[in-house]
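Assemble the dimeric complex from its two separately framed chains, guided by the hints.
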Amino acid sequence: MTVALRLEPADPTPPYEQLRRQLAEAIESGQVAPGTRLPTVRQLAADLGVAAGTVMRAYAELEGGGLVVTRRGGGTSVSASPDTLSVAERQRRLAELVASLVAQARRLGAADDEIRRTVDRLLG
Amino acid sequence: MSSVLSPLTFVFFGLPLTVVTVLLIAAAVLAVRRSRAITFDEERYPGLAALRRATLRARYVGIAGSVIVFFVVATLGRFGQGLFIAPAAAGAVVISAILVGQRLTYTRARTEGIAGVERREVGDYLPARLVTIVAALLLLLVVVAAWTTLVATSDESGLARAFTHSCTAQLWNQTGHHEEVHVSTSTPFPGGYYTAGTAIGILAVLALAWVGLVATTRRPRNGADLELVRVDDALRRQTAEGIVTAFGLVVATTLAGLCYAAAVTVGAEACTTAYGLGSWALAAVAFVSLALSLRFAVIVLVPGDGSERAS
Chain A
101 MTVALRLEPA DPTPPYEQLR RQLAEAIESG QVAPGTRLPT VRQLAADLGV
151 AAGTVMRAYA ELEGGGLVVT RRGGGTSVSA SPDTLSVAER QRRLAELVAS
201 LVAQARRLGA ADDEIRRTVD RLLG
Chain B
2 MSSVLSPLTF VFFGLPLTVV TVLLIAAAVL AVRRSRAITF DEERYPGLAA
52 LRRATLRARY VGIAGSVIVF FVVATLGRFG QGLFIAPAAA GAVVISAILV
102 GQRLTYTRAR TEGIAGVERR EVGDYLPARL VTIVAALLLL LVVVAAWTTL
152 VATSDESGLA RAFTHSCTAQ LWNQTGHHEE VHVSTSTPFP GGYYTAGTAI
202 GILAVLALAW VGLVATTRRP RNGADLELVR VDDALRRQTA EGIVTAFGLV
252 VATTLAGLCY AAAVTVGAEA CTTAYGLGSW ALAAVAFVSL ALSLRFAVIV
302 LVPGDGSERA S
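Residue numbers (my numbering), protein chains in the order written: chain A, 101 to 224; chain B, 2 to 312.
There's no promise every hint is true.
What the hints assert, rightly or not - A short, non-exhaustive set of chain A residues, derived as facing chain B with CB atoms under 7 Å:
(1) Thr102
(2) Ala104
(3) Leu105
(4) Pro139
(5) Leu144
(6) Asp147
(7) Leu148
(8) Ala151
(9) Arg193
For the record, the hints were derived by calculation from the structure and aren't laboratory data.
What you are looking at is a predicted structure, and each value in this text was computed from that prediction instead of being measured.
Where a beta carbon is used, it is the ideal one built from N, C-alpha and C, also for glycine.
Looking at chain B on its own, in the form it has when it is part of the complex (with noise of 0.2 Å):
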């Protein structure tokens, strides 16, 4: 037995061992650059430091309900519909739970009769980068999801999940050349039984984090003192960008599932060109997606000190 990796181990093992390293090295560094808390004087504004316990508690207790919710959710539905809706749910818990933490300690940090002369706006406290980054995402995952329910063809069973390939055969026999044209079906596919759930559970989550935004931005301010307004609009920040990355994480692992299931389908049967370089390209996206997953996951779960605009 030979003690060195042969090329196909490497591709087929190595590979995929080291960039999942890779991945996960890259994770850890983001996650102790992020760990930095917002620091002020908590005797000095009680309010807020009871705001930001309360607020942080909320978010780890949505995570964990998420967690729990996905697996749920993705268990329901045949043949793996679930799957596609579970990002969904589970990020719709992990922003209900910012939004009902904030609502809890709404007006602790303020004090009746004391305000600014300041116009608070929901794009003041977004991460501009991070949006950028999750709308692309979201153009790309309507794109594909819209594709894919285009060309998605119907199953044994009617359902809008198989994929059917078009191979054609060049055969020589008796009478000469001739073409023979091979048609298959394969399953499952992201077509419109998976995608009509998704789309609904995309949007679900997009208007709940727009109320969430909403809400984040409309929390009463206690007055104008400087260093006040300083750690008040870190602390809302911070929920603007646990949301947006939340509603990010959403879009992304549910682009790398759609993707992944899109690649293997389209090239289980890689009998033209087309069909090799669009498997390629679906898996390439869900990699991207799932490594994007990964990063989202980590500002999810490390909160950081709302001092960027973008992560």
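Chain A extracted, bound-state conformation (with noise of 0.2 Å):
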């Protein structure tokens, strides 16, 4: 099944980080499985209605942050494992998952003292 993609005209957020951020959670997700070949860069525009440059910012920014690759010749694909993640991109990645996480947990009224011996305790 395809992936749907849709830009907001209200949303502030510019159009290249709201394709951004969705691909990148639809790559994550799995939705879109490693290997996938991702649009053109003219045939997503062109879907879009926006300009080609758009989609080539939404591009570079996902393959900054290793989820996408760029052959010449062979267009964008998903990367075929996090491995290939950069050292810095897994580092933001984890702080941004973990920020959730203790965001939740204080809503839920746990302490900080206890929310880290919940995760010592996960971590085993």
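See the structure below:
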């Protein structure tokens, strides 16, 4: 099944970032499998009715994050595995995940010590 | 007067009539089998409905225009030169009409800001079996045209449109047995005078067909809805099939005409087995090409529902 992309004109987020976020979510959730070839810049820009530069920037950001790879003449495809992520990108995304976890745990009313102990216990 | 056909009458009149009848019946059966429309909820997808109407209308306008262009171009040039370029000119009109129809409705089935994560390529919409048949015909056309161009000789006007027969006669007279070589020239033969224009025409239509296929593939899609993708893909396949078949019709009719002209000229003085066999072989290729032309014509005229990758 084809994953749908939708740019919201009312969203203050720039179109390239909306596109990057949706593609990143689709890749990380496994909806788009590793090795899948993404649409060409020209095709996706035409389908969305945006400038080619918007799609190029979104692809460049995804490539910087290690989620996709671009080969000359071969187009852009989803990275084969998370191993291809750069150290900096892995740390950035791990920090995002932990920050989200901490925020949710605090909303539950858990103290920081309790959160730390729980994480340590889960890590074994 | 006998009421029963004599064998000779049957070969010259009955057989061609039977073959033409069988071919026309086959074409009618094929037309009926293909006459299925692409069905979908037109109110839910008005853009696709408009696109379908526009592309089909453009195709029929193109077909009507191609008939006129065929007869106009066929009269151009000396010694029937225009006849060898007319199929390419007619095919170019059909493909151009399909292209223009699609271009006019290029963004009608699109909502800005919606797309699917999918990569569309020309190969996704090509009718595989048709492409194979057309490619084989094109290869055959290249081989036959190269041969006729190489063996052609000049006529009285110096144009490469003649074929020279070389016949050896065995003669006996008072001094004994000797051979006499008799050389004669027959026209029209599809030499360079005809094939140069044909080659340019075929190459131009091939380029145009490729542009048409790329444009069909690149036409924007209105999202990732499964039903929309199904209908949109069917419309693209239908258009791609029309383009490939129009090109196939150009190749097949050109090959049929080329082989027919060569067969008649080579067989005009079949003093050796080689000339006789060559003439019959060329006639057989002309017949097969003609039958395929009829099939292609039906596919161009009756677009079908685009559900088959191969027709």
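Taking the hints in turn, this is what the structure says about them:
At a threshold of 7 Å, the smallest CB-CB gap from Thr102 of chain A to chain B is about 4 Å, leaving the interface hint in force. Of the supplied interface hints, the one on Ala104 of chain A holds, with its beta-carbon coming within about 4 Å of a beta-carbon of chain B, less than 7 Å. Satisfaction of the interface hint for Leu105 of chain A is found here, the shortest Cβ-Cβ separation to chain B being roughly 5 Å, below the 7 Å cut-off. Checking Pro139 of chain A against chain B by beta carbon gives a least distance of about 5 Å; that is within 7 Å, so the hint holds.
Using the Cβ-Cβ criterion of 7 Å, the hint placing Leu144 of chain A at the interface with chain B is satisfied: the shortest such distance is roughly 6 Å. Taking 7 Å as the C-beta cut-off, the interface hint given for Asp147 of chain A holds, the closest approach to chain B being about 4 Å. Taken as an interface hint, Leu148 of chain A checks out: its beta carbon lies about 5 Å from the nearest beta carbon of chain B, inside 7 Å. Checking Ala151 of chain A against chain B: minimum C-beta separation of about 12 Å lies over 7 Å; hint violated.
The closest approach between the C-beta of Arg193 of chain A and any C-beta of chain B is roughly 20 Å, which is over the 7 Å cut-off, so the hint fails.
Checked against the numbered hints above, the structure violates hints 8, 9; every other hint is satisfied.
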